[in-house]
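**Q** Each chain is listed here by its residues.
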Amino acid sequence: MKRRQLLALTFALATSSALPAIAQNANQPYAGTHIAVLMEGHPTTDGIQKLLPEFTKETGIEVELEVIPESDITAKMLLEFSSGSGRYDVVQNNIIYIPGFVKAGYIDPLDDLAKKLPKYLDRADFVPGYLNTNIVDGKLYGLPVYGESTFLMYRKDLFEQYGLTPPKTFDQVISAAKTIKEKSDGEIAGITMRGAQGIQNVYVWAGWLWGYGGEFLTKDGKSALGTPEAAASLDAFAKILRDYGPVGAANFGWEENHVLFQQGKAGMTMDATVNGAFNEDSAVSSVVGKVGYVPVPKQTDALKGGSSSLAVHSLYITSASAQKEAAWLFVSWATAKEQQIKSFSIAPNSGVTSEAALNSDEFNKRYGAFKEAMLASINQGNPQYLPTVTAANEIINNAGIAVSKALAGTASAKDALAEANTANDAALAR
Amino acid sequence: MLNDATKLFYQPVVAFFGAVSVVITIYVVWLTFHDISLMRPGQERFIGLDNYLRLLLDPRGLNALWRTVLFTVLATTIELIIGLFVALLLDREFHGKKVARAIMLVPIVMTPIVVGLTWRFMFDPSSGMANYLLSLLHLGPFDWLGNPNFALFSVMIADIWQWTPFVVLLTMASLESLPGDPQNAARVDGAREWQVLWHITLPALHRALLVVALIRAIDSVKTFDIFYIMTRGGPALSTETLNLYGYISAFTNFDISYALTVAMVLTIFTNVALLLLYNLAFKAQARGAV
Numbered sequence: 001m002k003r004r005q006l007l008a009l010t011f012a013l014a015t016s017s018a019l020p021a022i023a024q025n026a027n028q029p030y031a032g033t034h035i036a037v038l039m040e041g042h043p044t045t046d047g048i049q050k051l052l053p054e055f056t057k058e059t060g061i062e063v064e065l066e067v068i069p070e071s072d073i074t075a076k077m078l079l080e081f082s083s084g085s086g087r088y089d090v091v092q093n094n095i096i097y098i099p100g101f102v103k104a105g106y107i108d109p110l111d112d113l114a115k116k117l118p119k120y121l122d123r124a125d126f127v128p129g130y131l132n133t134n135i136v137d138g139k140l141y142g143l144p145v146y147g148e149s150t151f152l153m154y155r156k157d158l159f160e161q162y163g164l165t166p167p168k169t170f171d172q173v174i175s176a177a178k179t180i181k182e183k184s185d186g187e188i189a190g191i192t193m194r195g196a197q198g199i200q201n202v203y204v205w206a207g208w209l210w211g212y213g214g215e216f217l218t219k220d221g222k223s224a225l226g227t228p229e230a231a232a233s234l235d236a237f238a239k240i241l242r243d244y245g246p247v248g249a250a251n252f253g254w255e256e257n258h259v260l261f262q263q264g265k266a267g268m269t270m271d272a273t274v275n276g277a278f279n280e281d282s283a284v285s286s287v288v289g290k291v292g293y294v295p296v297p298k299q300t301d302a303l304k305g306g307s308s309s310l311a312v313h314s315l316y317i318t319s320a321s322a323q324k325e326a327a328w329l330f331v332s333w334a335t336a337k338e339q340q341i342k343s344f345s346i347a348p349n350s351g352v353t354s355e356a357a358l359n360s361d362e363f364n365k366r367y368g369a370f371k372e373a374m375l376a377s378i379n380q381g382n383p384q385y386l387p388t389v390t391a392a393n394e395i396i397n398n399a400g401i402a403v404s405k406a407l408a409g410t411a412s413a414k415d416a417l418a419e420a421n422t423a424n425d426a427a428l429a430r
Numbered sequence: 001m002l003n004d005a006t007k008l009f010y011q012p013v014v015a016f017f018g019a020v021s022v023v024i025t026i027y028v029v030w031l032t033f034h035d036i037s038l039m040r041p042g043q044e045r046f047i048g049l050d051n052y053l054r055l056l057l058d059p060r061g062l063n064a065l066w067r068t069v070l071f072t073v074l075a076t077t078i079e080l081i082i083g084l085f086v087a088l089l090l091d092r093e094f095h096g097k098k099v100a101r102a103i104m105l106v107p108i109v110m111t112p113i114v115v116g117l118t119w120r121f122m123f124d125p126s127s128g129m130a131n132y133l134l135s136l137l138h139l140g141p142f143d144w145l146g147n148p149n150f151a152l153f154s155v156m157i158a159d160i161w162q163w164t165p166f167v168v169l170l171t172m173a174s175l176e177s178l179p180g181d182p183q184n185a186a187r188v189d190g191a192r193e194w195q196v197l198w199h200i201t202l203p204a205l206h207r208a209l210l211v212v213a214l215i216r217a218i219d220s221v222k223t224f225d226i227f228y229i230m231t232r233g234g235p236a237l238s239t240e241t242l243n244l245y246g247y248i249s250a251f252t253n254f255d256i257s258y259a260l261t262v263a264m265v266l267t268i269f270t271n272v273a274l275l276l277l278y279n280l281a282f283k284a285q286a287r288g289a290v
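If you read the protein sequences in the order shown, they are chains A and G.
Quick note: the first sequence uses our numbering, first residue 1, plus one each step.
Quick note: the second sequence uses our numbering, first residue 1, plus one each step.
One chain only, chain G, in its complex shape (with noise of 0.2 Å):
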């Protein structure tokens, strides 16, 4: 009884945004079933499934997918690496620790339009801070976000350098909140710190860790604005996402159907990729502790 009155409370709200995200997500698929364009008003038609071939044919679109994945892939693990070993480094008492905390929590909360001008100030190839690190070493001048072959993993170092910080935090909770006796009881039985990192901290941060690179990948997917701050696709498509050749297909060439269809494929992607992840992740676990 005291079950069904809670059940009362949140399934509508339940069944509320349910309904919203099933009946926006049929009305853009009938959408990407047709041919629609801003410049050609009234001309709108039936044509099923070409968006899609068309797509599917379209390599811009198969290498924004590409860089997608790449971008995805690399800075979630980037993040979680220096994440990591930097929450380690942090992880016992010290002066400052509040501040280094404070501070960490900076990027996190600039807004992306922020980092991405940022960023593209210091990577200014003439008057740009890195050049300037670089040019102590005698190297450069590097054009860091006009050298096709490196532009998008100059935005990569922006997305890190936001990012990481929200890793650390995460996973030093998770630290904190660990029982201490295990480690001390290895540390008596005679292990090396390495091993008590390896065999008892590592296991039992891998939760918190999952969640973490789930967030962040989830998050890298839907990354758009510092591309578009820093290098709006260029140069030479370089730096393209999917998300960016969407956003160019609607509000450049105005081909709104095109745009929802590759907006479409994008979600379908990310929700196959992520609830693989997530039940390799999870449930595989839940199935061994069994």
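In isolation and in its complexed conformation, chain A is listed as follows (with noise of 0.2 Å):
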């Protein structure tokens, strides 16, 4: 009797292991496989998030989505890394890590995967710029879902009724931050930018590094930020947030910054390009229609590279991955035009990396306020905008510390960069 249970349960277990594999057919040779995906809080994967059932349906792999915010996604994915558990298979990130990513062999180049499955790939649809940020010693190693460049965002109605022009020096930003800011005795802010300590000051401020001849590295790898070029644009972007920027704005990240613009609380700001896709939506900004966009000012004709940035979020496939061939259908599928131009109704989503989608009607009705000035950053974006290299977040805390310092008035700008460079030297020697 017992025996014939056993028998029973065995037969049992034998046909239900072997039914998916049945349930295969051509078209789905990866169908029950399960990848893992490690995303960014971000409209663009809400987008994906939502569109999922369909690629699980054409495809039968399950995909397991985690999404966490930007600022702790890169400590995860290493912890993960470093330990080789293969617990993703698929991660996004920002271009600035990925060249010390492929230095430490974490991800993989996908160059014979696109050659095998091009089902949903078309490279010549993304945005040149975008893809090839991507490419690191001639491989291609990921998929852009989202970039931005910078620009200047102003408010067209006070400009105007204070005689003002659009700013192309950033000396004009001074004037005229000042200008708003008195002319209005003080009740708009002239100008409103980021100052919170780290990536978010680093991110704004940069624009004006460059802007003013600066640069963070030098050709041969060293710290660059002992220079007068980089002091002087230091001491003009803290000038300009103590004297004509609103109360409070050395604690200001991206949020905060882009509420207080939309709540027409300031002249100007200085930040992504997204920040124009809140600008121009009337359910959460009192600005619509009254804000014009302008690349980021420059100081001199001298530039070391571009002053507006240009950060590409992309996916890469995991080295310790042991499912790649469907990691890379999971990663081609959700950067394809058809999901982007499918994304535009589900959130809101200026940041599209495929040409497709950058040209369809339905960008040019929400975002064709800013479409041109977007266009024209990217084009001008400058891929070394933040350092690229292994100590990238190092460097850019300690630029953060710098930026801090001289907005708080601790440190004069020339002192707490000698500082900042220093701590860089020793840790792009380390």
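The hints are simulated quantities; they were obtained by calculation from the structure and are not laboratory data.
Be aware that one or more of the hints could be misleading.
Per the computed footprint, the stretches of chain G lying under chain A, defined by three or more beta-carbons under 8 Å from a beta-carbon of chain A, are [claimed, not checked]: (1) 222–235; (2) 251–265.
A few chain G residues that don't get close to chain A, going by computed Cβ distances all over 10 Å [what the hints assert, rightly or not]: (3) L38; (4) I82; (5) P148; (6) I157; (7) W194.
Output of the computed footprint for chain G on chain A, the stretches with three or more beta carbons under 8 Å from beta carbons of chain G [as the list claims (entries may be wrong)]: (8) 148–157; (9) 249–262.
The beta-carbon is built from N, C-alpha and C at its ideal position, and this holds for glycine as well.
Build the complex from these two chains, which are given one at a time in their own frames, with help from the hints.
**A** Here you go:
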């Protein structure tokens, strides 16, 4: 009796494990495969999450999508990478880390996979500036999910009222900020920018650094923050925010900054191009149609690199992944134009990386107000806007402390940067 | 014999936990003798005491240590003083005593994340409640968390708000367990209220207050959440405690061995300081009593 039960059980188990194999057909060679994906909390991720069931239906691949804030994502994936756990098959990150990841052998090149499984891939459709950032030593490592640049946003109505013209140099930005603050009796801040210590203030100040003719690293890989150009840029950045900026800017991150500008409490702001989508959204903004967009100014023509950023966040396949082909199908599907176009109706997203999506009617209808300035900024976008070396994070952190000190007035721009310069050289030497 | 039997119950547990913490501590010390970065796998190497030397010469680390000490001493002292004061005030029968006690539990049971966020909104320079109240007095606006001279104290205010009730509750409990006779005897002998308080109540509370101070000091050294939520160490490093510096070394700079060194040094400092405090407080008292 017992033996018969055992036999029955064995038979049942055998047939049930055989069933998926029968269900697999030629169109779905990866059916039943399970992949784990780590992505940033971002509107584009919301879009992909909503569309996921379609991917599973088409390919039979199960995707376990984990979404965490961008600020924590690098540490999380590094812990998994360094233990070689293979916990994630696909991860999303900013390009600044990619050269370091490639050097460490954490992520794999995609060229062979692209050749073998080109089903969803349309390489020519990606904005070239975005795709090229993912090519290291001639090999393609990732596909861009979203990208952005930075530009200067100004209130057209206020500029007209006070007889100002859109600034082309930082001196003009400073004098415009002064005029707006003084003529509005201090009611409206001349300019608002992120001042919070770390990547927040560095992301914006870097535009000033490059625009004054400075740079983060010299050609031979040393820190270049001890230069007079860097000091002049930080001095100007700190002064304009202290004198004509809003109270509390020293702790502003992206959120506080864009909210203040949307509320009409500032005459200008310099930030990511995605902010345009918030300015022009009447559900959250009181300045719809009143904002003009121009590329980030420059103080000199002798630039070492463009003053607009080029930030690209892409999907990468980890070296420890055991299902690279299924992972590739997901990566190429999630970044394909069809999904990007569908995502417009799911969450606000001006950072699409597909030319087809950029030129769609939907995009023009929603983001036409700043499309031209955005494309101009992307085309001038500086892929080295933030350093992309192995020690990138530490360099950005040290620079952020210097910016914060200059802003708080606890050290002069020159001294604060000299300190960061020493710390960065030490980090680069490690 | 009975004694031996009870030992069988707790000794394995003590031995297990002891062994685990010893093994982990030794492993951490071993790691701090290396150079380990998450961004440079496969290049770990033995560097001896270099990490400790680096911390000794690292002004950022030393400043962070100083801030940790400042925060711990100030926050603990202020919480004790206010807590004792409130406890003495509440130490009588009145309507709603139970409600008052329940309300005091609210900050204690709140998660630090919520406390940090709440206070960050209160201290918001343009729409926060703190500046609104100041504006009624025609003061401000004041940049509570953005001014490097004051940010540490703003975070401290949040910590004091959250943990003073803890001091109050523990002090009240021991106040209630005090025998009333010595105080009444003193009153009969003509002592004024402040004399009763100073010469009888406070000495009787001595031990309870020391325990509360010890608990609060240990907690203050470990404070991380509200700093992380309210300032993340900024502006201009003005709120970066050693805990936060260790965190940033590990999860921003990915310098694992240096982060562990920072943590190790903090642990050693804390243990030495607290052992000293403990010995001074209890052993001295015990000797005095003999």
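**Q** For a quick check of understanding: which of the numbered hints are violated here, in increasing order?
**A** 3, 5 and 8
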